[in-house]
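Chemist: Residues per chain, in single letters:
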Amino acid sequence: MAPEQIRSVILDILARIAPDEDLSELDDSVPFREQMELDSMDFLDIVMELRKLYRVQIPEEDYGELVTMDSTVTYLTPLLKDAESTV
Amino acid sequence: MAKDFLKDAKDEYDVIVIGSGLAGMTSANILARQGYSVLLLEHHYQLGGMATWFKRQNGHIFDISLHGFPYGMLKSCRKYWTQEIADSIVPLKGVRFKNPQFSLETSFNREDFTQLLIEKFGIEPETVKRFFDTARQMNFFDDQGKTTRELFEEFFPGRDDVVRLLMEPISYANGSTLEDPAITYGIVFSNFMQKGVYTFRGGTDRLVKLIKAELENNGVDVRIRTQVEKIEVSPDRSVTGVIVNGRRIGCKAIMSNSNIKGTILNLVGEEHFDPEFVEEAKAVRLNNSSTQVYIALKPGDELEYCGDLLFHSEHNGFDIEAMLSKNVSSRTFSFYYPETRPGSGRSLIVSSTNANFSDWADLPEEQYEADKKHLIETTLDCLEQYVPDIRERVDHLEASTPRTFQRYTQHLQGASFGTKFEGLKVSKELPDQIAGLYHAGSVGIIMSGWLGAVNYGVIVSNDVDKYLTPAAARI
Ligand SMILES: Cc1cc2nc3c(=O)[nH]c(=O)nc-3n(C[C@H](O)[C@H](O)[C@H](O)COP(=O)(O)OP(=O)(O)OC[C@H]3O[C@@H](n4cnc5c(N)ncnc54)[C@H](O)[C@@H]3O)c2cc1C
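Taken in sequence, the protein lines are chains A and B.
Taking the working numbering, the leading residue of the first sequence gets 1, the next gets one more, and so forth.
Taking the working numbering, the leading residue of the second sequence gets 1, the next gets one more, and so forth.
These are computed hints drawn from the structure, not numbers from a lab.
From a predicted model like this one, the values you see are computed outputs, not experimental measurements.
Hints are not guaranteed to be accurate.
As the list claims (entries may be wrong) - FRET-style restraints, in silico, Cβ to Cβ:
#, chain 1, residue 1, chain 2, residue 2, range
1, B, E398, A, S71, 34 to 40 Å
2, A, L11, B, P157, 47 to 53 Å
3, B, E229, A, L11, 47 to 53 Å
4, B, K146, A, S8, 43 to 49 Å
5, A, P19, B, R237, 41 to 47 Å
6, A, S71, B, G122, 33 to 39 Å
Don't be surprised by glycine CBs; every beta carbon is placed ideally from N, CA and C.
Make the full structure from the sequences, and use the hints.
Modeler: Set out below in structure tokens:
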């Protein structure tokens with residue numbers, strides 16, 4: 001998957017986790033937590049959803065990489081380079 | 001011939017979940033949604049564990065543990081269950097305190113507590129703000145040595161009345177004391193203070209019915225009246241299956257929602273663990289148990305509003321020993337108005353106290369019955385001041401004790417709120433001892449209560465999912 005596709009996968013997951021948030025204004029360089037109400041359970045949901053969709057394993061020590069959209073996409077790009085897009 | 005409660009069950013599943021408490025059911029649901037085949041085994045004839053209810057003559061339905069939970073439950077139910085379940089979560093209107101030090105009603109959230117602490121208790125606004133911020137920022141990784149007592153001493157030295165306001169509801173909610181780590185207090189208190197106390201419209205029976213439908217919808221094989229006797233472990237220490245109702249069923253992973261100590265010491269057996277781990281498990285302290293008195297008014301008799309939750313005490317000062325004493329001086333009343341179960345026309349009251357298992361465990365039968373009767377009578381005496389003529393209005397009366405809780409939930413010593421803090425570490429380290437063996441359920445104070453149990457079920461399911469997703473599949 002290309003970085004743009006990964007971005008829309010993440011957006012999709014976020015929309016499911018936080019249906020009341022307006023994601024159209026999301027700033028990719030600012031931490032998610034500063035733009036929307038996300039708690040540690042929500043991050044767990046993102047990790048589980050990615051594992052379900054692409055069987056990608058994100059170790060606990062890497063959760064810190066999921067802080068902004070930019071850092072998330074950068075982190076996932078090599079891991080998902082051979083994955084088929086689902087969106 | 002006895003009914004086969006495992007009729008048509010398969011011989012092998014990906015995951016077996018032992019116990020249908022909120023943590024067990026939530027794990028089963030999450031893991032089924034992740035695509036695994038899941039078998040859920042519950043020894044009781046009803047799902048829910050402590051999240052339970054019972055029916056009596058004239059159609060009265062009593063809830064055991066539906067007194068209130070934090071707002072976070074709404075979000076968790078939406079994410080891990082269904083929108084319909086989340087939509088039934090509604091706020092309580094009022095929480096009351098009545099004791100020799102103060103009498104007040106509150107919406108039990110940060111805003112209202114801030115106002116009370118400043119105006120009624122004369123605390124500096126700055127101190128109140130710092131206290132709330134400190135509690136809110138606490139997390140699992142903070143200093144675990146600091147006690148709740150030290151936290152209160154730091155902010156409200158010598159203010160027993162403030163401690164009571166801040167602590168009494170939490171002690172009732174999860175059995176914690178001033179000696180427990182400050183972080184356990186901070187996390188639970190902040191969860192409540194976020195938006196106040198919530199309940200489930202339609203009662204626990206409706207919740208569990210909706211949950212069961214969703215479990216089946218996601219393909220979970222749900223079985224009641226199935227007692228797991230043994231967890232089967234291979235010589236190289238991985239789980240291979242369970243023995244349930246005398247039958248062996250194989251699996252790749254097990255999620256035990258049974259008591260953590262019982263899981264290790266009884267279901268698996270100490271010989272399968274490192275001796276140090278067994279010692280650690282044995283040293284885990286259980287939380288206290290409870291007594292409850294269930295009071296139903298005559299059908300159609302509508303209870304006038306007197307708050308949803310009422311913390312009543314005749315004791316001077318916050319005193320955990322007094323709260324646990326069989327010589328009851330403190331009670332929590334939960335008032336269930338007809339809208340709890342819309343259309344039911346029923347008003348019910350449940351009075352709860354914290355209690356020591358040892359005070360009730362070994363009473364001779366005659367004494368036990370007499371003590372239960374005494375508990376009911378003194379509860380009515382107390383209730384009279386809030387609900388005049390209560391004795392004439394009553395249609396059904398009954399009491400439960402730590403013995404009752406032990407019998408129905410199989411928790412050692414009838415523990416109502418799982419274990420003290422150290423239980424969380426043992427629970428988390430279980431899979432390091434035996435591959436594929438996981439535990440989720442009330443442990444460590446912060447993982448207890450409806451919200452704690454649901455969320456812990458999700459957290460541990462993530463670990464199970466990680467374990468079952470082979471590394472080779474990594475792309
Ligand atoms: C009196 C009382 C009042 C409470 N009030 C509140 C409240 O107002 N708000 C709140 O949030 N929380 C409250 N709680 C706490 C809350 O109910 C519990 O923390 C929560 O429900 C526990 O869920 P759990 O997943 O840990 O499992 P449990 O509810 O403990 O369930 C475990 C299940 O496993 C089953 N089981 C055990 N061993 C086996 C076996 N070998 N084989 C098959 N099945 C087995 C048991 O039968 C049980 O169904 C209250 C608790 C009590 C007792």
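Chemist: Mind listing which of the numbered hints don't hold for this structure, in increasing order?
Modeler: 1 and 6
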